[in-house]
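Engineer: Chains as they are written, first to last, in numbering that gives the first Met the number 0: chain A, 0 to 315; chain B, 0 to 299.
Do not rely on the hints blindly, as some may be mistaken.
Cβ pair distances, simulated, as ranges [claimed, not checked]: (1) Gly108(A) / Ala199(B): 24 to 32 Å; (2) Arg27(B) / Gly108(A): 37 to 45 Å; (3) Gln10(A) / Arg27(B): 23 to 31 Å; (4) Glu296(B) / Met45(A): 51 to 59 Å; (5) Leu141(B) / Gly75(A): 17 to 25 Å; (6) Gly217(A) / Leu110(B): 52 to 60 Å; (7) Ala38(B) / Gln10(A): 45 to 53 Å; (8) Leu12(A) / Ala199(B): 39 to 47 Å; (9) Ala249(B) / Thr259(A): 21 to 29 Å; (10) Gly108(A) / Val82(B): 43 to 51 Å; (11) Val36(B) / Thr259(A): 43 to 51 Å; (12) Leu12(A) / Pro217(B): 36 to 44 Å; (13) Arg28(B) / Gly217(A): 46 to 54 Å.
The hints are simulated quantities; they were obtained by calculation from the structure and are not laboratory data. Beta carbons: idealized from backbone N, C-alpha and C, even for Gly.
What follows is each chain in one-letter form.
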Amino acid sequence: MARYIIGRIVQALTVLWGAYTITYAILYLLPGDPLSIMLTASGVEMDTLSADQIAKARHYYGLDQGTMEQYFHLLGRLLTGDFGTSLSSGRPVAAMLAERLPQTLMLAGTAVALSIVFGFAFAWLGAWLRWKPLRAVLRRLPAIGISIPVYWTGLLFIQIFAFSLGWFPSAGNTGWQSLVLPAVTLAIPSAAIYAQILLRGFDDVWAEPFIATARAKGLRRGQIQLRHVLRNASLPILTLVGLQVGHTVSGAVLVETVFTRVGVGRLVQEAVLRQDIPVVLAVVTISAAAFVAVNLVVDLLYPLLDPRIAGLATAG
Amino acid sequence: MDAQPDSFGPAIAKAESEDIIIRSAQWRRWSEALRAVRARPGFLLAAGFIVIVLLAAAAPGLLTPLDPYATAPLVKLKPPSLVHWFGTDELGRDLFTRVVYGARLSVQAALLAVAIGLLGGSSLGLVAGFLGGRADAAIMRLIDVLLALPGLLLALAIVTAIGFGTVPVAIAVGFGILPGFARTMRAEVMRVKTLAYVEAARLGGAGWGRVLRHHILPNASAAVIVLATLDFGVAILVASGLSFLGYGAAPPAAEWGTLIANGRRFLITAPWVSLVPGFVVALAVFALNHIARTLEEMGR
Chain A
0 MARYIIGRIV QALTVLWGAY TITYAILYLL PGDPLSIMLT ASGVEMDTLS
50 ADQIAKARHY YGLDQGTMEQ YFHLLGRLLT GDFGTSLSSG RPVAAMLAER
100 LPQTLMLAGT AVALSIVFGF AFAWLGAWLR WKPLRAVLRR LPAIGISIPV
150 YWTGLLFIQI FAFSLGWFPS AGNTGWQSLV LPAVTLAIPS AAIYAQILLR
200 GFDDVWAEPF IATARAKGLR RGQIQLRHVL RNASLPILTL VGLQVGHTVS
250 GAVLVETVFT RVGVGRLVQE AVLRQDIPVV LAVVTISAAA FVAVNLVVDL
300 LYPLLDPRIA GLATAG
Chain B
0 MDAQPDSFGP AIAKAESEDI IIRSAQWRRW SEALRAVRAR PGFLLAAGFI
50 VIVLLAAAAP GLLTPLDPYA TAPLVKLKPP SLVHWFGTDE LGRDLFTRVV
100 YGARLSVQAA LLAVAIGLLG GSSLGLVAGF LGGRADAAIM RLIDVLLALP
150 GLLLALAIVT AIGFGTVPVA IAVGFGILPG FARTMRAEVM RVKTLAYVEA
200 ARLGGAGWGR VLRHHILPNA SAAVIVLATL DFGVAILVAS GLSFLGYGAA
250 PPAAEWGTLI ANGRRFLITA PWVSLVPGFV VALAVFALNH IARTLEEMGR
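Bound conformation, chain A alone (with noise of 0.2 Å):
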């Protein structure tokens, strides 16, 4: 079991330092000239410069290093914590994310306490019911929730709940309120993907002899739902659940973007638009981090809620 845990860890940091490192490689390998890109950033045009402050300039972003020196200094400076400068604003990237961070993960984390939520009761709805017009209704309408863009929803929800009928704010960070719309709208996918799983799951498990043997005994509907199928067919949801998470970082971008929140994703569509390289860099990596952290979390859960794994931990 030691050495299962130890082996997930290790390959959980060896992902997130590849990933690193590719984002690196992208933002500061593939531009042919990253010093024009950081000085018009930085709000300089490079045609005014002489060739002895292009020079100056260079090295105050490090740039005169070579590849690998550069790459060494900047995963350094990580480990400890520093993430750069802003070039925009100047202002230390580490300070920035700290104060936004609180109000993206209040964001994700209701999105994904409201999407796990949604997706069972649709699902459980969906099983339990046994009109078939209805059930087949029930059984296309999480595909709609995937393919509906999630910046269009927000939109939609703006246009009913905010200014028509006044229930909720269309933008801002204050209060509750606030966050009802936007998570919300960033659990609606999500909530489909699992509502989808859940039901072919729901569907399998009641096909099983042990839902015989359980209506034999007597069980009523309901109880065998939830006894039997409910724990059988979830445990697929909480490998999901960490998968989801890329999705619902990148809906925050969306999202913080649509109802004009304060937060990590609208700080990076913000710098992408600046071309601001350290903070592109910083929130790539936090999201990376986040995403593996979460399917770390679920790996090692995973032989506790189901024994067999537990079993094959210990024996591989």
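For chain A, the structure is supplied; the task is to place chain B on it using the hints.
Structural biologist: Relative to chain A, chain B alone:
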């Protein structure tokens, strides 16, 4: 799956019944597919919509006689009507026309993204699944790392590095969907590689190159084609998201995402300016999703 070499099919049919008209295996397969499609009206509807979208992308002039850039301040922000099906925007431009012309950029971006993901991902998956061993381990580690980067954020990094516009967005989206293709292709190749007919072909003296081209690739491609259809929708979704965030084509050209983003400013007074183009995006993605799922069911 159903593309297996069945050269003995007609021979058996001939031996069993002399008076029944013998059709070629290919003809039979087509008529079976046709019957399966006719039993699914939803599929026809979805396919019809996608054909219209592709037509709009290929020749927008056929669907609308208007100019997408012609402004008419007198009819600005008019709601949908018989003259202006989707209404007009803040400069009086016909929104239906703008959506039709926007399809050109959006569909091109999505197709380019799928091409990058399909070619890059499938070749990686093919090499990994076919060679196995160290090459497989190395490639799959790389894919694991790419999967850890949330799709939109990887795309944001790429767009930051190579600039804004339809083509950079397409490249960025293509790299985001690449890991899925690599995984699917690898799984399929590993599955087909062990099947009896591959062994038979090898015993018959066929080289690996021939086996790959004639036996492994055709049989592994069904799952990849389903994924390509599905990811065509995903690519439309992500690419329109990126252009919504402001990294798409420069104005006055407009992708679907840009149209939605522009309409945001008039959400109170003229909600259709952003909601109607968004509905078209949702419809296109849903149609592709439905087609992919039907193809998957028919393949089983």
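Engineer: So, for every hint listed, does it hold in this structure?
Structural biologist: Hint check results:
Between glycine 108(A) and alanine 199(B) the beta carbons are some 56 Å apart, a value that contradicts the proposed interval 24 to 32 Å. Remark: the range hint 37 to 45 Å for arginine 27(B) to glycine 108(A) is contradicted by a beta-carbon distance near 55 Å. Take glutamine 10(A) and arginine 27(B): their Cβ atoms lie about 49 Å apart, and the range 23 to 31 Å is violated. In this structure, glutamate 296(B) and methionine 45(A) meet the distance hint of 51 to 59 Å, their C-beta atoms being roughly 57 Å apart.
Taking the beta carbon of each, leucine 141(B) and glycine 75(A) are about 24 Å apart, inside 17 to 25 Å as hinted. Between glycine 217(A) and leucine 110(B) the beta carbons are some 58 Å apart, a value that agrees with the proposed interval 52 to 60 Å. The hinted window of 45 to 53 Å between alanine 38(B) and glutamine 10(A) holds, with their beta carbons roughly 47 Å apart. About 46 Å separates the C-beta atoms of leucine 12(A) and alanine 199(B), a value consistent with the hinted range of 39 to 47 Å.
As the Cβ distance of alanine 249(B) to threonine 259(A) is approximately 23 Å, the hint placing it in 21 to 29 Å holds. Under the hint 43 to 51 Å, the C-beta atoms of glycine 108(A) and valine 82(B), about 48 Å apart, fit the expected range. Between valine 36(B) and threonine 259(A) the C-beta distance comes to about 46 Å, which sits within the given range of 43 to 51 Å. The supplied range of 36 to 44 Å is met by leucine 12(A) and proline 217(B), whose beta-carbon atoms lie about 41 Å from each other.
Distance hint check for arginine 28(B) and glycine 217(A): the Cβ-Cβ separation is about 50 Å, which falls inside the suggested range of 46 to 54 Å.
Checked against the numbered hints above, the structure violates hints 1, 2, 3; every other hint is satisfied.
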